[in-house]
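Chains Z and A, in that order, are what the protein sequence lines are. Following this note's numbering, the numbering of the first sequence begins with 1 at its first residue and continues without gaps. Following this note's numbering, the numbering of the second sequence begins with 1 at its first residue and continues without gaps.
Since the hints were made in silico from the structure, they are not lab data. Owing to the predicted nature of the structure, the values given are computational and were not obtained by experimental measurement. Watch out, some of these pointers could steer you wrong.
[What the hints assert, rightly or not] Covered stretches of chain A, going by a simulated chain Z footprint (3 or more residues, C-beta under 8 Å): (1) 166–180; (2) 189–196.
[Stated by the list, open to error] Here are the simulated distance ranges between beta carbons: (3) Z/52 to A/207: 20 to 30 Å; (4) Z/235 to A/233: 10 to 20 Å; (5) Z/207 to A/199: 21 to 31 Å; (6) A/111 to Z/12: 45 to 55 Å; (7) A/24 to Z/166: 14 to 24 Å; (8) A/26 to Z/62: 46 to 56 Å; (9) Z/172 to A/66: 46 to 56 Å; (10) Z/203 to A/233: 11 to 21 Å; (11) A/166 to Z/103: 54 to 64 Å; (12) A/165 to Z/8: 32 to 42 Å.
Cβ atoms here follow ideal geometry from the backbone N, Cα and C, with glycine treated the same way.
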Amino acid sequence: MTGSHAFDPERVERVSAALASDGQDPRRSLCVASAGVARVSGAGVVLIMQGRALGTVCASSAVAEAAEDLQFTLGEGPCVDAFSTRAPVLVPDLGADDVVRWPSFREGALAAGIRGAFGFPILIGSVCIGALNLYHERPGALSDEQVADAAVVAHVAGHTVLGWQSVAGVGSLARQLEHLPANRAVVHQATGMISVQASVRVDDAIAVMRAYAFSTNRPITDVATDVVGGTVRFG
Amino acid sequence: MADQQLLVETLVALADTLVDDYDVIDFMQTLAERSVDLLDVSAAGIMLADADGRLRHAACSSEQMRLVELLELQLQEGPCFEAFERQTAVRSGTFEEVASRWPRFAPKAREGGFVAVSAVPLRLRGSALGALNLFSDRPNELDDADLSVVQAMADIATIGMLQERLIHDQSVLTTQLQTALESRIVIEQAKGIVAERNRIDVDEAFQQIRRFTRSANRRLSDTARAIVDGSLTAELVAPGASR
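Kindly generate the complete structure, drawing on both the sequences and the hints.
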């Protein structure tokens, strides 16, 4: 009936216990525990709707954070593919010559010290609400056990986020999700400004900004800050 | 004793209806019809509790009016009501027993041509969702094996129903989460549009949007959405703009 039926209950129980918050910082502990359970260097959880990133829930480390920013800047990477294919995306070595997907993300991720990149869809019933990203600093395939654990981590993380939302009122956002990274707000503000400057729709405005960030080899948040500050204009 | 082959087929049929486009009424209908096939009874009906805990007719093995009525009159008394209230199976194999147990229900059952009845609850971990009622047109004492077959089917039905409710609740939550997240993005975009259009900084733009929202008695996310989709122009949000 739902994806959860495919999971081994013991595995779900074990992962749920590992991902249970220590009460300090529920978002960060979710991601740190996700990386721990999957036995990789870093993890990030992203919420996505209709192919558009709605926000990074968490990143377990500075490197994972950089990788999340990269995917957000470029609009490509394991989370985007895991979301659109609703299946795990496994790239054991971004440095391998035969890796052709995500040319821009690949370059940035390698520069940030990432070799393995893996994406797992977060499904609630039949609806995909986001993705779990796993990063590894050494090249190497995930074992079958790691893949099985990671799929359950994605499942449990999704239900954890829904659990947060279930106590928020209708129309409000879960307390735990309120303070998403501030740099994303700047990107959305800049998107609005560019849409006026270039007389395009907001969806096109973000594409314009992405292209600019890519061609000038800068993080999108830096470009956005300049747009909001008035030092970069489009049209 | 129920036919083994038929039992297996029934369980498979019930499990089949649990996948994908699950419809609770279709599912209850299958359960009612299969119970009749399997247990040598004349008719079967299912009652489900509504939000106030009152039993309502959900499905019948045949659309015979008397059968529906027989279910519906069991608001205070009758096998279905009793199985639901006490969360246990009940059975009465003879009309004498039915009459002594449920004096108001019995004459109506006889009018419908039924002399023996039994019922099992649809329940899971202490909560009852409804009950399945079986009717026979001749004296018929279901044995323990029959009763456990019916209870097994009722349990599958219960799990299916709870699963469906869970999926519904989750999809409501998912939508709320996505809408709330999307609103925040749209509000930031609207700030950018108003800032650029009215040549002010984003903080001031937010103040304008908030003031407009308050005076127009709208919701912030609705104002922002209107600005982003162009149905509300940024100039109109500025103080002193004629509205």
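(request) Hint by hint, work out which the structure violates, then give me just those numbers in ascending order. (result) Checked against the structure, the hints that fail are numbers 11 and 12, while the rest are satisfied.
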